[in-house]
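Student: The listed protein sequences derive, respectively, from chains A and B. Heads up: the first sequence is residues 808 to 1181, going by the working numbering. Heads up: the second sequence is residues 808 to 1181, going by the working numbering.
These are computed hints drawn from the structure, not numbers from a lab. Some hints could be false.
Copies of one chain are not kept apart here, so a pair can be met inside one copy or by any two copies together.
Cut-off 25 Å, straight-line C-alpha distance, at most; resulting in silico cross-link-like pairs (DSS-like, lysine-lysine) [claimed, not checked]:
1) K978 with K879
2) K960 with K909
3) K936 with K909
4) K1050 with K823
5) K908 with K960
6) K821 with K883
7) K934 with K908
8) K932 with K1050
9) K939 with K828
10) K1020 with K990
11) K1076 with K823
12) K885 with K823
13) K908 with K936
14) K992 with K818
15) K983 with K879
In this text the structure is predicted, and so the values were computed from the model without any measurement.
2 protein chains.
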Amino acid sequence: MKPTLLYFFGKVQKMKAAGEKVLGFTLTTPEFPPPAFLEQEVAKVYEDSFPYLPSGGDFVFRQQLADFYSTKWKRKFKEENVFVGTGGKEILYILLTLLLKKPEGEIVVISPYWATYPNMVELLKGKIKIVKALAKDDFYPDMDKIAKAITSKTRAVIITSPNNPTGKVIKEKDVKFLADLAKKKDFVLICDEVYEIYNYDNLYVSALKYFNKNVFCVFSASKTYSLCGWRLGWSVGDKDIIKEMIGIQSEATTSPNSIAQLAFRNLFKDTKRLETYFAENMARGKERRDLAVAAFKKAGVEYAHPEGCIAIFVKIPKEFDNAYDFCTELLKKEKISMAPGEIFGEKKYFRMNLAVSITNLKEGLRRVLKYYGN
Amino acid sequence: MKPTLLYFFGKVQKMKAAGEKVLGFTLTTPEFPPPAFLEQEVAKVYEDSFPYLPSGGDFVFRQQLADFYSTKWKRKFKEENVFVGTGGKEILYILLTLLLKKPEGEIVVISPYWATYPNMVELLKGKIKIVKALAKDDFYPDMDKIAKAITSKTRAVIITSPNNPTGKVIKEKDVKFLADLAKKKDFVLICDEVYEIYNYDNLYVSALKYFNKNVFCVFSASKTYSLCGWRLGWSVGDKDIIKEMIGIQSEATTSPNSIAQLAFRNLFKDTKRLETYFAENMARGKERRDLAVAAFKKAGVEYAHPEGCIAIFVKIPKEFDNAYDFCTELLKKEKISMAPGEIFGEKKYFRMNLAVSITNLKEGLRRVLKYYGN
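Work out the full structure: start from the sequences and follow the hints.
Tutor: Here it is as structure tokens:
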């Protein structure tokens, strides 16, 4: 297993604990506040939080999520289509555990990828097949190449939209194409849509709009509600797949924690206020996206144009051979931590989290731009 | 995969949701309160709970746990010996994932077993080797039989003490024997000690007292603090094993939720008050153990004498062929839910949770004893 982002993050944490001042841009952790009205909701749940909740998630919360996404994407989802997990991560891990039960399964992943996908597949003894999105296409994936990568052993194709680390958003016609392809070729189209609210250029369409039993979409409280520590995610998919996932979760972690689930159950009693919150965070993200894009553009630095997500994927200075070396130098000399592109399968790029304070973002940009002759 | 306890529990939840009055004794959920002083601690953590915590657990909390168990068992544990998980269950799942990475691994499990062990091993494509503890020995496991079950493929032996479902506690000399055997034969002795505080006959000794690098002990907030829903567990083991487990957790769930970890970090700032809480719960458990034992004894019913844990393992009436049938009848006719022994590998027994209110316990005993001619 390759070094993980969280390993890198642990290093920064230890530097901070030792009193060093580090500006962190490694994780795509939104440093935006969760909804202001959440605090009052969580305060109410303590007494009810002691007993076990059922595997797959609290029934009421699952129904609320089914209703929420039914309304949002004009489809008809039921409680049995919803699976709640210990972060979007656990949902992916359990789904891949299920899909890779039969040996020799292949999972198609687009690079640059979220580092966890190949690590998970390796851990679960599956075979990973990488389809490269190219810098010349601004890292937008090639649908023909994806279609050609499908074989009888393909159990799933993982799509991230809005994409982490590149910020690209899959166009609606391509979402439809992939959903149809999944049905036709009988693999699962896993759509990691945890950055659903960060959609700056109005391009994002959930695969739920083209839902069929081969489509599976993942969302998270970490990214949508800035609650990374709470470990809560949810997903919408085929009821038979979800039934089997519940069986696995009941042996792996039982369920996500009750406090987060019960607080969210309260939160979803009134979904109108959520829309306002989403819009506020979108505006925060867009302000930072625009600021970073302008800075890198002005400096003549190559980057992928982020249409969504909360990060920017930037080419390293030509003096450096690889991003590991560059990021190590940035951490050591400039006390800023970035995520080296090797983790995402692109050694000439690094990822910078944008969802930080404007002050820290400007300071981070100032320090990194020194390396580009600015 | 066999039907799980949580599947059964889900059934009862749905009956309750449909308005049926069911007395539940299926899960070993302590219906005792968590520490009264916990509420004020959890109220303080909200603002700090948003960002990710490191995989393996919060550093401060890990150090607190290391200190706590160092003092308790007069050994010297460090932060690096502690791993925190989404319940004791996730810890076991990740440890078994690690130990079964190399193919053809065998895991030795004592029956009657906690249903989850064989289900996990099956899911992780390992081979399970059952060593039967017998009713004639009051279900106390035979050390010679365990030693004989070890082969070069043995990756771990799982011991549960105090035992769920039988309530037996492994004697100190046998704990030492097994810890030495693990070192000599180089397997991991996994000691599931989640019922550590329920030790009615003063027999329980943690394997941490005889710790070596092949010993790994698991504990949980679910059982020790009656916080099943919070999904928090912790463990003490070899630092190299734990380092690898952190790598797996970082890809599977990231970490347990921040609210529980930060609240426990506050809780552990003052461990004296915890001792009082443990003693209170022990007394509650003992009162119920004594009550249930007296009732079954008086009725001439066969059962394993519980020296610890919060359940009693009871022989089904002779009119019934198996516990599934008996428990199904109890649920249907008497509206009480028990856990059928098939789940634990003993089809002539059922398990009854004792950690309920005295009123419910008496009522449950009354309803079940009807089937024994009482």
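Student: Each hint should be assessed against the structure and marked as holding or not.
Tutor: Outcome of the hint check:
1. K978 with K879: Within. Shortest intra-copy distance 18 Å satisfies the 25 Å Cα cut-off; inter-copy 59 Å does not.
2. K960 with K909: Both: 10 Å inside a copy, 23 Å across copies.
3. K936 with K909: Cα proximity of K936 and K909: in one copy and across copies (17 Å, 23 Å).
4. K1050 with K823: Classified as between: cross-chain Cα gap 21 Å, same-chain 43 Å, threshold 25 Å.
5. K908 with K960: Both: 12 Å inside a copy, 22 Å across copies.
6. K821 with K883: between (47 Å within a copy, 22 Å between copies)
7. K934 with K908: both (12 Å within a copy, 15 Å between copies)
8. K932 with K1050: Both ways: K932 and K1050 sit 23 Å apart in one copy and 20 Å across, limit 25 Å.
9. K939 with K828: neither (37 Å within a copy, 57 Å between copies)
10. K1020 with K990: Within. Shortest intra-copy distance 7 Å satisfies the 25 Å Cα cut-off; inter-copy 50 Å does not.
11. K1076 with K823: Between copies only: 22 Å across chains, 39 Å inside a chain, cut-off 25 Å.
12. K885 with K823: Answer is between: at 20 Å across copies they meet the 25 Å cutoff, but 45 Å inside does not.
13. K908 with K936: both (17 Å within a copy, 21 Å between copies)
14. K992 with K818: Neither, since 43 Å and 36 Å both go past 25 Å.
15. K983 with K879: within (17 Å within a copy, 60 Å between copies)
Checked against the numbered hints listed earlier, the structure breaks hints 9 and 14; every other hint is satisfied.
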